[in-house]
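Residue numbers (my numbering), protein chains in the order written: chain A, 4 to 129; chain B, 168 to 500; chain C, 18 to 566.
Quick caveat, the hints were computed from the structure, so don't treat them as lab data. Some clues are possibly wrong.
Here are some chain A residues the structure puts well away from chain B; computed CB gaps all over 12 Å [what the hints assert, rightly or not]:
1. Thr-24
2. Pro-95
3. Pro-116
4. Leu-125
5. Gly-127
Here's a subset of chain A near chain B, in silico, CB distances under 7 Å, partners left out [unchecked claim]:
6. Gly-41
7. Glu-47
8. Ile-53
9. Glu-102
It should be emphasised that the depicted structure is a prediction, and the values quoted were computed from it without experimental measurement. Glycine included, every Cβ here is placed at the ideal spot set by N, Cα and C.
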Amino acid sequence: MSGKRILMAKTGLDGHWRGPTIVARALRDAGFEVIMIGMARPEEVVQASIDEDVDLVGLNIGGHVDVAVRAVNALNDERPDLPVFCGGVVPPHAKRRLEALGVEVYPPGSQLPDIVGAARRLTGLD
Amino acid sequence: MAGHDAVAALVAEAVGGSRSALARLISTAERGGDDAAALEAALLPCHGESYSVGITGAPGAGKSTLASALTTELQAGGERVALLAVDPSSPLTRGAILGDRVRLQPHLGNPDVFIRSMASRGHLGGLAMATCTARRVLEACGWPLVLIETVGVGQAELDVAGATDTVLVVLNPGWGDEMQANKAGLMEIADIFVINKADRAGLEATRRDLEAAIAANAPARRPAIVETVATEGTGLDALRAAIAAHREQATASGELAQRRRARAVTELRDLARARLELALDGQLAGPAGEALAGAVTRRELDIDSAARRLVADLLNSDSQRGASRGDPEQDTP
Amino acid sequence: MNDRAMNDKNSAGKTWTSASGIPLKPFYREDDVPAQHRERLAAGPGEPPFHRGAYPTGYRTKPWRIFQLSGFGKPEDENARIKFLLEQGETGFIMEHDRNTGDHCYNVDHPEVVARREDVGLTGAVMQSVRDIDICMKDLPIETSYAHAGGAVVQHAPFALAGYWTVAKRRGVALDRLPGTGQSDYFLTYLGCVTKQQVPTDVGLRFNADIMEFCDRHLPRWVPVSIAGYNAADTGLNAYQELGALFANAVEYLDEIQRRGTMPIERAARGCGGVSFRMSMDLFEEASKLRAARLMWQQLLAERYAITDAKVANLRIHCVTAGSRMTYQQPLNNIVRGTVMALAGVLGGVQSLGVSGYDEALSIPSEHAHQMSVRIQQILQEETNVTAVTDPLGGSWYVEALTAELVEKAWGFFEEIQAQGGFLASLDSGWLHEKAAENQHREFMAQETGEQVIVGVTAHTDDASPYEVDGFMGVDDAFDVALERLEEGRRTRHEAGAADALRQLERVCRSSDNIMPAMMDALEAEVTLGEIGDVWRDVFGDWATPIQT
Numbered sequence: 004m005s006g007k008r009i010l011m012a013k014t015g016l017d018g019h020w021r022g023p024t025i026v027a028r029a030l031r032d033a034g035f036e037v038i039m040i041g042m043a044r045p046e047e048v049v050q051a052s053i054d055e056d057v058d059l060v061g062l063n064i065g066g067h068v069d070v071a072v073r074a075v076n077a078l079n080d081e082r083p084d085l086p087v088f089c090g091g092v093v094p095p096h097a098k099r100r101l102e103a104l105g106v107e108v109y110p111p112g113s114q115l116p117d118i119v120g121a122a123r124r125l126t127g128l129d
Numbered sequence: 168m169a170g171h172d173a174v175a176a177l178v179a180e181a182v183g184g185s186r187s188a189l190a191r192l193i194s195t196a197e198r199g200g201d202d203a204a205a206l207e208a209a210l211l212p213c214h215g216e217s218y219s220v221g222i223t224g225a226p227g228a229g230k231s232t233l234a235s236a237l238t239t240e241l242q243a244g245g246e247r248v249a250l251l252a253v254d255p256s257s258p259l260t261r262g263a264i265l266g267d268r269v270r271l272q273p274h275l276g277n278p279d280v281f282i283r284s285m286a287s288r289g290h291l292g293g294l295a296m297a298t299c300t301a302r303r304v305l306e307a308c309g310w311p312l313v314l315i316e317t318v319g320v321g322q323a324e325l326d327v328a329g330a331t332d333t334v335l336v337v338l339n340p341g342w343g344d345e346m347q348a349n350k351a352g353l354m355e356i357a358d359i360f361v362i363n364k365a366d367r368a369g370l371e372a373t374r375r376d377l378e379a380a381i382a383a384n385a386p387a388r389r390p391a392i393v394e395t396v397a398t399e400g401t402g403l404d405a406l407r408a409a410i411a412a413h414r415e416q417a418t419a420s421g422e423l424a425q426r427r428r429a430r431a432v433t434e435l436r437d438l439a440r441a442r443l444e445l446a447l448d449g450q451l452a453g454p455a456g457e458a459l460a461g462a463v464t465r466r467e468l469d470i471d472s473a474a475r476r477l478v479a480d481l482l483n484s485d486s487q488r489g490a491s492r493g494d495p496e497q498d499t500p
Numbered sequence: 018m019n020d021r022a023m024n025d026k027n028s029a030g031k032t033w034t035s036a037s038g039i040p041l042k043p044f045y046r047e048d049d050v051p052a053q054h055r056e057r058l059a060a061g062p063g064e065p066p067f068h069r070g071a072y073p074t075g076y077r078t079k080p081w082r083i084f085q086l087s088g089f090g091k092p093e094d095e096n097a098r099i100k101f102l103l104e105q106g107e108t109g110f111i112m113e114h115d116r117n118t119g120d121h122c123y124n125v126d127h128p129e130v131v132a133r134r135e136d137v138g139l140t141g142a143v144m145q146s147v148r149d150i151d152i153c154m155k156d157l158p159i160e161t162s163y164a165h166a167g168g169a170v171v172q173h174a175p176f177a178l179a180g181y182w183t184v185a186k187r188r189g190v191a192l193d194r195l196p197g198t199g200q201s202d203y204f205l206t207y208l209g210c211v212t213k214q215q216v217p218t219d220v221g222l223r224f225n226a227d228i229m230e231f232c233d234r235h236l237p238r239w240v241p242v243s244i245a246g247y248n249a250a251d252t253g254l255n256a257y258q259e260l261g262a263l264f265a266n267a268v269e270y271l272d273e274i275q276r277r278g279t280m281p282i283e284r285a286a287r288g289c290g291g292v293s294f295r296m297s298m299d300l301f302e303e304a305s306k307l308r309a310a311r312l313m314w315q316q317l318l319a320e321r322y323a324i325t326d327a328k329v330a331n332l333r334i335h336c337v338t339a340g341s342r343m344t345y346q347q348p349l350n351n352i353v354r355g356t357v358m359a360l361a362g363v364l365g366g367v368q369s370l371g372v373s374g375y376d377e378a379l380s381i382p383s384e385h386a387h388q389m390s391v392r393i394q395q396i397l398q399e400e401t402n403v404t405a406v407t408d409p410l411g412g413s414w415y416v417e418a419l420t421a422e423l424v425e426k427a428w429g430f431f432e433e434i435q436a437q438g439g440f441l442a443s444l445d446s447g448w449l450h451e452k453a454a455e456n457q458h459r460e461f462m463a464q465e466t467g468e469q470v471i472v473g474v475t476a477h478t479d480d481a482s483p484y485e486v487d488g489f490m491g492v493d494d495a496f497d498v499a500l501e502r503l504e505e506g507r508r509t510r511h512e513a514g515a516a517d518a519l520r521q522l523e524r525v526c527r528s529s530d531n532i533m534p535a536m537m538d539a540l541e542a543e544v545t546l547g548e549i550g551d552v553w554r555d556v557f558g559d560w561a562t563p564i565q566t
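Use the sequences and the hints to build the structure in full.
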């Protein structure tokens with residue numbers, strides 16, 4: 004029993020649910036409690052991460068990297084100790100920017116065991 | 168484990184208005200163990216009074232949408248609303264996808280709404296106990312209204328929703344098999360029946376069916392029936408009024424006080440039982456338990472006498488595990 | 018050797034199946050084509066049941082239309098890209114609206130959009146009023162070129178269509194001469210990319226039937242709705258599920274028109290007989306799918322609606338190559354994938370085709386990726402001789418057997434949807450989403466076990482490419498300019514006229530009248546997208562999304 008909680012949110016307004024759903028199911032099967040809040044603005048992600056007292060935030064990003072960066076910055080400001088990882092359509096230049104903020108990035112083609120492994124590591128289970 | 172002082176400090180912070188402290192205290196309640204016990208002790212001197220509304224019904228009945236729409240309706244009256252969405256864990260690995268948060272989207276980021284998804288971590292006393300503690304935390308922190316929504320109508324869910332001041336049972340035209348199967352239990356706990364998705368065929372028949380079933384209750388225990396279409400926001404004003412009427416009537420008649428007292432007895436019994444079991448497990452695993460088990464196996468002692476001696480020893484021993492509550496992994500030596 | 022014994026396994030024990038799981042034999046013989054499908058083998062292209070093609074002369078008289086999704090930035094940026102594509106040899110054009118604003122019917126000053134202002138203009142040009150649409154259509158050959166006017170999403174289509182038509186009217190183009198389509202597709206936002214807010218499915222049905230009626234009266238050359246199996250497939254439905262779901266959707270439209278009794282069912286059938294499918298990597302299954310689709314449409318119309326007119330019963334097909342099969346890793350490989358998928362569509366007899374950009378997994382298409390998508394099709398049309406013979410796979414025992422199998426399985430799935438209460442009910446309940454999710458999950462597992470190989474991702478991952486492919490990020494000023502224009506539009510329009518038109522639209526929405534005339538008036542009066550969206554939200558509420566998005 005991990006008891007670790009992960010908040011999953013989408014920063015964009017496009018609603019691709021397929022990727023996040025598959026990731027959420029894999030994390031659940033690995034023993035995590037996953038809370039999906041869907042499309043959310045930075046301040047909404049922050050408040051939900053506080054209220055739900057999560058150990059990790061997973062952002063599904065798409066579109067312009069600036070939108071994701073804003074959400075990451077808001078989280079880093081409010082909860083600097085809370086790790087964040089990202090997936091979605093993330094071109095190389097966007098990946099580099101997010102990684103510079105301390106965010107792990109899992110672009111399309113990433114394998115589920117790697118994502119689950121990252122969740123375990125980032126929540127201190129491994 | 169944070170320890171007694173740390174928990175007390177966190178309570179002070181939460182009561183002082185820190186939302187993250189409040190959230191962490193609910194995690195403490197979920198985890199159980201010594202900290203949860205310390206939390207209860209720390210909450211004791213706190214003031215605050217909140218009213219709780221339970222929402223239960225079969226999956227797919229539209230409870231989350233209803234909870235969301237009800238929150239909007241209550242918010243319109245200026246109330247701050249806390250919502251606990253309570254899910255069972257998946258039994259295999261204890262992972263879970265919690266809460267139907269997609270329907271709670273309208274409240275994202277609203278400072279006057281606190282939404283928390285809660286899961287059972289498998290500790291003794293279960294989710295019902297953690298939910299009660301969470302409700303007390305919210306009460307201490309000045310949230311006047313706590314909605315508690317459960318995912319289904321199994322016994323665990325009925326226990327959770329039933330431990331509130333007003334219980335809503337949500338169903339749809341046509342009932343559904345799951346509701347029919349649990350009809351008796353639902354009749355017992357419901358204060359208000361909500362026929363959601365009331366724009367669907369079969370409304371009248373369901374209403375008649377409900378009324379007939381309700382007529383078997385004593386006049387004082389006949390739940391109101393409210394029709395809603397939560398997706399469109401219809402009927403929510405009537406639901407709000409029905410909740411207010413039940414609250415008023417239950418308060419005036421003394422039923423509320425009686426219920427809260429009964430709830431305290433239930434909680435006390437559950438917690439005491441959990442403690443007894445823990446202590447018993449400890450005793451069994453210790454030298455006295457070993458000796459008794461050996462004696463029974465060798466047929467030197469009959470099993471009933473052995474059990475009596477075990478209980479007698481337990482009651483006589485001044486249990487050093489006194490403060491523990493909940494988590495066997497933490498509490499078992 | 019007995020057929021069953023040699024069926025679908027080789028010595029290594031690998032199970033050979035099509036992408037949708039149909040067991041495959043090592044080779045096919047004449048008697049593998051089921052008896053009830055033998056009769057149709059004698060039919061030619063352009064003859065019922067049309068599996069061999071919609072038209073008798075195939076690509077000799079009319080090559081498929083090169084039809085690329087395009088759009089980004091400000092309306093003038095998109096206008097320039099469309100002109101670029103037309104210069105490159107594209108033979109129709111797609112006018113994509115920004116999806117952040119369009120799909121949700123928000124103006125750019127809506128808080129949800131402001132929070133994502135850098136995303137604005139990434140997926141299409143921001144068009145909030147008829148003025149913006151006018152800029153986007155500047156100097157485009159709208160009388161002669163088949164256009165996709167945007168409005169792919171059900172709740173957005175009335176705006177996009179009324180806008181396009183209003184600009185055409187202002188330019189003096191008679192609506193009854195105007196060729197094009199909108200799409201108004203359920204799969205896109207009720208199954209695939211579920212939006213934050215949209216009208217309930219039954220309201221969408223009303224919108225689409227209203228559009229069909231309006232086109233029937235005023236725009237006979239316009240394809241009012243185009244069901245996009247593409248979006249169903251890219252969400253996870255397999256080949257025969259895509260077929261079954263698509264026709265289950267068509268039945269909703271036709272039954273609604275029948276209930277209304279406001280137009281002849283033949284014309285309604287013609288109106289929704291232009292559809293799109295996804296082309297993916299299983300070459301023969303995908304080509305067979307298009308043959309199966311035409312056959313099924315002919316069967317459906319004959320059996321359910323007693324329509325036998327050959328001019329109505331020939332399904333016209335647009336295909337787009339699968340965006341989800343474009344890989345992030347080694348993106349140049351995607352040029353090859355695009356070519357193979359395009360070939361599948363051509364062998365299946367498409368009327369028009371779009372090839373996903375090779376950089377799709379990284380961003381929206383760059384100009385170069387767009388050009389490559391056109392070039393792939395030009396190479397197929399001009400260098401390979403595939404246009405010489407219609408239905409080149411016809412008579413292949415394998416392809417005929419696969420076509421037959423897909424037809425049977427697709428009708429099975431169609432019936433499953435009917436048992437759920439029909440297509441819209443299967444969306445409302447989340448049943449269809451669950452089907453898609455099951456397939457997605459299975460595919461992920463197959464990739465992890467190595468059963469399914471994706472070159473450059475799950476195998477052959479060594480990359481020696483000297484080219485850095487990076488995402489295209491559109492233009493920087495789309496949001497700012499859109500905001501300025503929104504404010505300017507509000508300042509300079511005839512305010513009382515706009516308010517009247519908006520009130521009238523709301524009245525019509527609350528009645529059972531056709532919304533399109535009021536939409537035309539609203540666009541003419543320069544009512545904005547977000548104001549119309551507010552009417553939707555106010556009158557119709559929100560769809561109760563059945564899934565965690």
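Cross-check of the supplied hints:
The non-interface label for A:Thr-24 is inconsistent with chain B: the shortest C-beta to C-beta separation is roughly 9 Å, within 12 Å. Here A:Pro-95 stays apart from chain B, with its beta-carbon at least about 31 Å from theirs, past the 12 Å limit. Every Cβ of chain B is farther than 12 Å from the Cβ of A:Pro-116; the closest lies at roughly 15 Å, confirming the non-interface assignment. Annotated as non-interface, A:Leu-125 keeps its C-beta farther than 12 Å from every C-beta of chain B; the closest such distance is 16 Å.
The claim that A:Gly-127 lies off the interface holds: its Cβ sits roughly 15 Å from the closest Cβ of chain B, which is beyond the 12 Å cut-off. A cut of 7 Å between beta carbons decides the hint on A:Gly-41: the least distance to chain B is about 5 Å, and the hint holds. With a least beta-carbon distance of about 4 Å to chain B, the hint placing A:Glu-47 at the interface is held under the 7 Å criterion. For A:Ile-53, the interface hint holds, the least distance from its beta-carbon to any beta-carbon of chain B being 5 Å, beneath 7 Å.
A distance limit of 7 Å between C-beta atoms decides the matter here; for A:Glu-102 the minimum to chain B is near 27 Å, and the interface restraint is violated.
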